[in-house]
Structures are given as structure tokens and as C-alpha cells.
Amino acid sequence: MKKWVKLSFSLLIVSILIFSLGACSKKESLKKVRVAEVTRSVFYTPQYVALEKGFFKDEGLDVELKTTAGGDKTMTTLLSNGADVALVGSETSIYVYAQGAEDPVINFAQLTRTDGTFLVSRDKIDNFSWDQLKGSTFLGQRKGGMPQMVGEFVIKDNGIDPHKDLNLIQNIDFANVANAFASGTGDYVQLFEPTASVFEKEGKGHIIASFGEESGSVPYTDYMAKESYIKDNSETLEKFVRAVYKAAKWIEENDSKEVAKVVQPFFENIDLDILATSIERYQKQGSFGTDLILNEEGWNRLQDIMEEAGELPKRVDYKTLVNTSIAEKALNNK
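The numbering of the sequence shown is our numbering, which starts it at 1 and goes up by one.
Be careful, since some hints might not be right.
[As the list claims (entries may be wrong)] Heads up, simulated DSBU-like pairs for lysine-lysine below, C-alpha to C-alpha not over 30 Å straight-line: (1) LYS261 <-> LYS53; (2) LYS53 <-> LYS284; (3) LYS156 <-> LYS143; (4) LYS204 <-> LYS231; (5) LYS143 <-> LYS204.
For the record, the hints were derived by calculation from the structure and aren't laboratory data.
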């Protein structure tokens, strides 16, 4: 009897060791991909779903995510090899290319397809019309960034010259715009979710318009990597895109409350109902697209918006900075 107990115990120990070694081996076999995101926002919900639901791990990837506030910081992180992939406004790849980069940054997948900001007023306005902005102090986003350029594009499209008809403030760092408005700067501000909904709930502001609805489809935030990294890691990036695609499809098939529960670990200080409201806003205006391919029409529209804002250094051919083969392969082999 004692021999049987000893044998059983030994077998149990061996089994545990085999299982542990197998688990370690599986973890070690995961390919690490370091991602730098331009900000932490509900706008990037598909990315967080892919992380939380294990879609990246299912593809054999260990994705390490860090937030690098602002497009300039995100691009610097990518160029200095502090990240393998950047999630940032597609305009940044044009800026880098115009500076003569030997290893240009290439857009390989489009995550969001509308502007993600909302117009928030300090006072409640029941029947807002864009001409009410005239003469007001408008707290805008950083000059040369997608929020600022699309915001000005929309304002101009509504018959207002942002530089003549508004007291336009653009010298506040991206990460501090919301705090500046909360502390009393400006009559209107351009904010992402969930900050816009939080302000509304706390009585600090009121959402009165969506820049995403007003501007229509535009390649707003893309995944990009240096050309050299793409050349050496195309299969890894294909797996990466496939995981994000699975997440986008999952969001499409579930309501905002269910999605909010999944991504809440990334927004621990935000109430679940606020998260759900924010996600629903983006769902309704089509910000989360399942087609992760940046098309030529969108690329040209992006440059039109940059040109209108006076921020386009030079027009860049679509095929020079956009690689669709990775996303196409990922979607065809899903």
C-alpha cells in the first residue's frame, strides 16, 4: 500500500512538472510584439478586445502595449526602436517620410475610419448650430495632428474660419487639453471618449456634435512599422492583423455593454455605463471598421485634409507609404 502511495505521488509530481514545463515552453514560444499607442482611448477598443480575449495569444503573439501620449512621442519611440509597431495618426508617416527617413514608416493596417473626437460645450445648448462657435474661445488639439486637422476641416466646411472667427488655442499639450478645459479654459473643446462622456456626466461639459459624423470616412489611426521591420516580420504582422480583425468582428456582433465589460480593465477609473455609452457612440458612427485595409481613396482624402490645414509637406504616392498585402493576407486567411 505504501509503495502504491509513493508511486502515485511520484506520478503526480512528474505530471505537474510536465504541465509546468509545457506551459513555460508555450509562453517562451510566443513572439513578442511591442506596441506604442498614441493615447489610451475607447476609440481603440478593438485592440483592447484582442488583448483581453486572448486573440493575440491565439495567433502565437505576446503583445506588449504602452501608451506614449502624443503623435510626436509615439513616432520617436518607433523610430528609436522603443517599439515594433505604432498605433498613431497616419499623417505622422508622411511627416517622417518628408524629413528624408532612410527607413520609412509604413501603414499596414487601418484601425479607425472616422474622427474620434466630439465637440463639447461648457454650457448646455439644446439646438446647436455651428455658427454659434463664432467669437468663442475654442480649445483645439495639437497643430499638425489628425484631431486638429479634421476638426478645422469640419469647422471650415460649416462656413467658419477657425483662425479668424474663433479665439483658437492650440498650444496646450495633447495630454493636458481636457484638464485645461475642466479648469476653465475655453467655451468649447474637442475631446475623445470616454473623456467627453465623463465630462458630461460630471457636469463639466455637454456633447453637442461629433466630428466623426461630420467629417465622414477618413483613415484616422493606423498600425504602422518601419519598412525594415515589415520586411523581416511580415508573417508576425499578418498574425497581428488577424487578431485585431477577430476583435473587430466580435465587437460588431456584441452590444456595447458586453464590449464594455471586456475592456474595462484598460479603463479602471471609468464607470461601466460611461464606457458602454462611449463604445456605442463609436459603433453607431462606424469608427470600428472590420475592413482593416487602408484604401487609396482614403489616403488621398487624408492628404486633402492635411493640405487644407496647411500641414502637408508634400503629396506622397499611396504605394510609397501604404502596404496592404499584410492585411489582405490576414483577412483572406482568417
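Check the structure against each numbered hint from earlier and tell me which ones fail, lowest number first.
4
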